[in-house]
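**Student:** Given next are the chains, with one letter for each unit.
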Amino acid sequence: MQDVVRVRRHPTARRQDTGKPSHWRKNAMAYSLILPSLVFLFAIVFYPLATGLAEGFRYHSRVQPWLTRFNGLDNYVQALHDHDVWLALRTSLIMTVGIVGLSYLLGLVSGLLLNHKFRMRGLYRALILVPWVVPPVVSYISWQWMLNDQSGLIDVLLVKLHLVDSPVLFLSNPRLAMASIIVVGVWSRFPFMMITVLAALSSIPDDLNESAALDGANRWQTFRYITMPLILPVTVVATLLQAIWTFNDFGLPFVLTGGGPANSTTPLILLAYKEAFQRFNIGYGTSLAIISMVLMLLLGAIYLRLQKKQGVYQ
Amino acid sequence: MRTTSKRRPRLVLAATAAAVLLASACSGGSSGDSAASKDTGPVKLRYWDMQWGSDAFQNQIKANVAEFNKTHPNIQVQFQQLSWGDYSQKLLSAVQAGNPPDMSGGDSGIPFTMAAQDQALDISDLFKKWQSDGTFADMPEWAYKKFEFNGKDVGITWQFDQRAIYYRKDLFAKAGIPLPKTWDDLMAAAKKLNNSSKGMIGIAVPGKQGTYDTDQFYMTLVFQAGGSLADANGKPAINSPQQLTALKFEKDLVSCCAAKGTASWTFTEVLKQFEQGKAAMAFGAGFFANDITKNAKKLAPNVGVLPVLEGPGGPQARHSVSFANPWMIYKQSKHPAQAKEFLAWMMQKENLRKLYAAEPGGKWPVYKSLLNDPIYQSNDMIKALARQSVETGVDYWYPSNKGGVGIASLGTGMADTAINPVITGQRTPEDALKDADKKLAPLFQTK
Numbered sequence: 035m036q037d038v039v040r041v042r043r044h045p046t047a048r049r050q051d052t053g054k055p056s057h058w059r060k061n062a063m064a065y066s067l068i069l070p071s072l073v074f075l076f077a078i079v080f081y082p083l084a085t086g087l088a089e090g091f092r093y094h095s096r097v098q099p100w101l102t103r104f105n106g107l108d109n110y111v112q113a114l115h116d117h118d119v120w121l122a123l124r125t126s127l128i129m130t131v132g133i134v135g136l137s138y139l140l141g142l143v144s145g146l147l148l149n150h151k152f153r154m155r156g157l158y159r160a161l162i163l164v165p166w167v168v169p170p171v172v173s174y175i176s177w178q179w180m181l182n183d184q185s186g187l188i189d190v191l192l193v194k195l196h197l198v199d200s201p202v203l204f205l206s207n208p209r210l211a212m213a214s215i216i217v218v219g220v221w222s223r224f225p226f227m228m229i230t231v232l233a234a235l236s237s238i239p240d241d242l243n244e245s246a247a248l249d250g251a252n253r254w255q256t257f258r259y260i261t262m263p264l265i266l267p268v269t270v271v272a273t274l275l276q277a278i279w280t281f282n283d284f285g286l287p288f289v290l291t292g293g294g295p296a297n298s299t300t301p302l303i304l305l306a307y308k309e310a311f312q313r314f315n316i317g318y319g320t321s322l323a324i325i326s327m328v329l330m331l332l333l334g335a336i337y338l339r340l341q342k343k344q345g346v347y348q
Numbered sequence: 105m106r107t108t109s110k111r112r113p114r115l116v117l118a119a120t121a122a123a124v125l126l127a128s129a130c131s132g133g134s135s136g137d138s139a140a141s142k143d144t145g146p147v148k149l150r151y152w153d154m155q156w157g158s159d160a161f162q163n164q165i166k167a168n169v170a171e172f173n174k175t176h177p178n179i180q181v182q183f184q185q186l187s188w189g190d191y192s193q194k195l196l197s198a199v200q201a202g203n204p205p206d207m208s209g210g211d212s213g214i215p216f217t218m219a220a221q222d223q224a225l226d227i228s229d230l231f232k233k234w235q236s237d238g239t240f241a242d243m244p245e246w247a248y249k250k251f252e253f254n255g256k257d258v259g260i261t262w263q264f265d266q267r268a269i270y271y272r273k274d275l276f277a278k279a280g281i282p283l284p285k286t287w288d289d290l291m292a293a294a295k296k297l298n299n300s301s302k303g304m305i306g307i308a309v310p311g312k313q314g315t316y317d318t319d320q321f322y323m324t325l326v327f328q329a330g331g332s333l334a335d336a337n338g339k340p341a342i343n344s345p346q347q348l349t350a351l352k353f354e355k356d357l358v359s360c361c362a363a364k365g366t367a368s369w370t371f372t373e374v375l376k377q378f379e380q381g382k383a384a385m386a387f388g389a390g391f392f393a394n395d396i397t398k399n400a401k402k403l404a405p406n407v408g409v410l411p412v413l414e415g416p417g418g419p420q421a422r423h424s425v426s427f428a429n430p431w432m433i434y435k436q437s438k439h440p441a442q443a444k445e446f447l448a449w450m451m452q453k454e455n456l457r458k459l460y461a462a463e464p465g466g467k468w469p470v471y472k473s474l475l476n477d478p479i480y481q482s483n484d485m486i487k488a489l490a491r492q493s494v495e496t497g498v499d500y501w502y503p504s505n506k507g508g509v510g511i512a513s514l515g516t517g518m519a520d521t522a523i524n525p526v527i528t529g530q531r532t533p534e535d536a537l538k539d540a541d542k543k544l545a546p547l548f549q550t551k
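Protein sequences appear in the order of chains A and B. Here this note's numbering is used: position 207 in the first sequence is 241, and no number is missing along the way. Here this note's numbering is used: position 336 in the second sequence is 440, and no number is missing along the way.
Simulated from the structure, these hints should not be mistaken for lab results. Just so it is clear, the structure is predicted and the values come from calculations on it, not from any experiment. Each residue gets a CB set at the ideal place from its N, CA and C atoms; glycine is no exception. There's no promise every hint is true.
Claimed, not checked - On the chain A side, residues computed to face chain B include the following (Cβ under 7 Å):
# : residue
1 : P99
2 : Q184
3 : P295
4 : A296
Model the full assembly from the supplied sequences, consistent with the hints where possible.
**Tutor:** Set out below in C-alpha cells:
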C-alpha cells in the first residue's frame with residue numbers, strides 16, 4: 035500500500051515538501067508571457083546585430099560573391115587609412131557640435147521667453163513646435179528647394195531686395211553647404227530643446243526666484259545661480275540625446291546636398307550607406323557603421339551614467 | 105495542485121503562440137506559385153519592374169501583361185512595380201532569400217549584377233531565335249551585344265534612355281552661331297552665348313554629388329574622347345588619358361559657361377533653368393523633350409537637339425549616352441520555359457510599340473523600323489532623339505562589357521570622387537582620377 039501511495043504522488047510533491055517551488059516554476063507564467071517579445075527581439079535586434087558585427091570582419095561585396103571571405107581587421111585598418119573616413123568623421127563632428135550647440139542655445143532662449151506669462155503663449159508654444167512635428171524628409175526637401183541658387187525662395191528674395199548681386203551658392207560652396215546643413219538641422223531640432231528646457235523650468239519652485247529677488251539678485255544672477263544649475267541635468271541629457279540623433283542623421287545631408295560638394299557634407303553614416311548600398315561593399319560599409327555605433331555607444335554610456343546620477347533608476 | 109494543472113494549458117498556449125509568431129515571422133513569402141506546382145491550373149510567373157514613367161506608361165505595362173494573360177491561359181503573370189529607391193536591394197535580397205521573380209526589369213546594369221551571383225538565366229536560345237527570324241537585324245547592335253556576357257546571354261534591351269544636348273534655335277540664329285559639331289564648336293558657342301549680366305548661361309549641366317545625373321554628361325564626353333570605363337580585358341580604365349581629357353573639358357566648360365551653382369544641380373535644376381529661358385543649351389535626358397513641350401510651350405518651338413558631337417576620339421567615337429534598359433530571367437525561376445515565352449511576347453515589336461506609344465518621347469525604341477512610326481515624328485526634338493539613340497547610343501558598358509560587374513557597381517562613385525570635386529575646384533582632374541581609380545578599381549576584380 036505504501037508503494038502504491040508513493041507512485042501516485044505528484045511529481046512536485048518533493049518540492050512542496052520543502053515549501054519552496056523552483057524559480058522557473060514560480061515564474062513560468064511571467065517567462066511565457068515575455069517569450070514572444072524575446073523571440074522578436076532576437077529576430078529583429080540581436081540576430082541582425084550579430085550578423086552586422088560579423089560582416090564588419092569580412093570582405094563582402096554583393097556583386098563579387100566569390101571574393102567573400104573573413105578578413106579579420108582589414109576593414110578597420112582600411113578605414114583608418116581612408117582619407118574619406120577621416121573627412122567624414124570631421125564632418126560628423128562639425129555637424130553634431132554645430133547643430134546641437136546652436137539648437138540648444140536657441141531652445142534655451144525660446145524656452146526662457148515662453149516660460150513667461152503673456153497673451154497667446156500657448157499658441158506661440160504650439161507654433162514653435164511645427165519644425166519638430168513636420169516629417170524630417172519633408173522639411174529637408176522644402177529647404178532644398180528654398181536654398182536652390184536659381185529658383186530658391188531665399189536667393190530670389192535676397193536678389194530682389196538687392197541684398198546680394200548674384201545668388202548665394204548655399205548648396206554648391208563647400209563652406210556654405212555645411213552652414214546650410216547646420217541651419218536646417220538647428221531649425222528642425224531646437225523645438226525639442228525648447229520643450230525640454232520648458233519642462234525643466236516649470237519644475238523650478240517660484241519661491242526660489244522670489245527669494246533671489248528679495249536678496250537683490252538681478253536677472254542675470256538669478257539665471258546664472260538658480261535657473262542654470264537647476265536645468266543643467268536635463269540640459270546635459272537632452273544635448274547628449276540630440277548629439278546621438280544628429281551624429282546618426284542620414285536624411286539631412288542625403289536629401290540636402292547628397293554629401294557634396296566635394297564630399298564636404300558627407301558624414302560617417304552617409305559614407306557607410308554609400309559603401310554598402312551604392313557600391314554594394316557590404317563588409318566595408320558595415321565596418322564604418324560599426325565605428326559609428328561604437329562612438330554612439332560611448333555617448334550612450336555617458337547618458338546612462340548621467341541618468342543614474344540623477345536617480346532615474348534608483 | 106489545481107493551480108499547477110491550470111497553468112499548464114496556459115503555458116502550452118503561450119508557447120504555441122510564440123511558436124506560431126516565430127514561424128510566421130521567419131517564413132519568407134512563398135514564390136506565390138503553389139498552384140503552379142500542381143499539375144492542374146495555369147503556371148504563375150512573377151514579373152517585377154521599375155516605375156519607368158507616367159501613370160499612362162505604367163497602365164500600359166499592366167495592360168500588356170493582362171493581354172498576355174488573356175491570350176495565354178496556361179500562364180498567369182503577376183506584375184509588381186518596384187520603386188527606384190531600393191529596387192536593387194530588393195532584387196538582391198529576393199535572390200539571396202531564394203525567392204526572386206521569374207523575370208524582371210531594372211537599371212541598365214542589373215543583368216551583370218545578377219550574372220555575378222550566377223542568378224541570370226542564359227537566354228541564348230531566344231537570342232538564336234531572334235537572330236534567325238530577323239529581329240536582331242532590326243535592332244542596333246548594342247541592344248543585344250551589350251548583354252552577351254562571359255559566353256552567355258543574360259538579358260535583352262527593351263528600351264533606350266537617351267541623353268542629349270538641347271539648344272535654343274533662336275539664340276543661336278540671333279548670334280549667328282552655326283550648330284556645333286565638335287567639342288571646340290560647343291565651347292565656342294557656350295562662351296559666346298554665356299551672358300551673366302543678363303542671367304543667361306551658355307550651358308546647363310548637372311554636377312551634384314550623390315546623384316546618377318552627374319556622370320551622364322561626363323560619360324558622354326569620355327566616349328567622345330575615345331575612352332571608356334573598362335578596357336577590353338575588363339580592367340578599369342578610369343585613370344586614362346581619355347578620361348583626363350574629358351574631365352578637363354568639362355571643368356573648363358563649367359568654369360566658363362555654366363551656372364556657378366552647378367555643383368548642386370541635378371536634371372531638375374537643369375531643366376528648370378532651360379525652361380525659364382536662362383540657358384542657351386542644356387544637357388538632359390530624353391524626357392526633357394516632353395517636359396519642354398508640355399511646360400514651356402512658348403519656348404518649345406525654339407528648342408532643338410544638337411547633333412552628337414565629335415571629340416578628340418574622332419568620328420568613330422561620335423557617341424551619345426543612351427542607357428540600354430533590359431529585361432532578364434532569373435535562374436531560380438521554376439518555369440524558365442514559360443518565362444521565356446513571356447519575355448519573347450513582351451519583346452514583340454507590336455507589344456513594345458504599345459509601351460512606347462503610351463508615353464510618346466519618353467522611351468526610345470530598340471527597333472530601327474519604329475523610327476518612322478508616328479510616335480517618333482511628333483516633333484523635331486523627339487525625331488532627333490530617337491535617331492540618335494538608334495544611331496549613336498551606347499552606355500557605360502561600351503565597348504567591352506568584360507568589366508560589366510564593376511561598372512554596374514560604381515553607383516555614384518565617379519560623380520562623388522572625380523566630377524563633383526573637380527568642378528567645385530577642390531581637386532585637380534589628375535588627382536581626382538587617380539583617387540577615383542584607387543577607390544573604384546577593386547570593384548572590377550573578377551573570378
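**Student:** Next step is simple, just say for each hint if it's right about the structure.
**Tutor:** Each hint tested on the structure:
About 6 Å separates the beta-carbon of P99(A) from the nearest beta-carbon of chain B, less than 7 Å, and the hint is met. The beta carbon of Q184(A) is positioned within 7 Å of a beta carbon in chain B (closest approach about 6 Å), and the interface hint is therefore held. A cut of 7 Å between beta carbons decides the hint on P295(A): the least distance to chain B is about 4 Å, and the hint holds. At about 4 Å, the closest approach between the beta carbon of A296(A) and any beta carbon in chain B falls short of 7 Å, and the interface hint on this residue holds.
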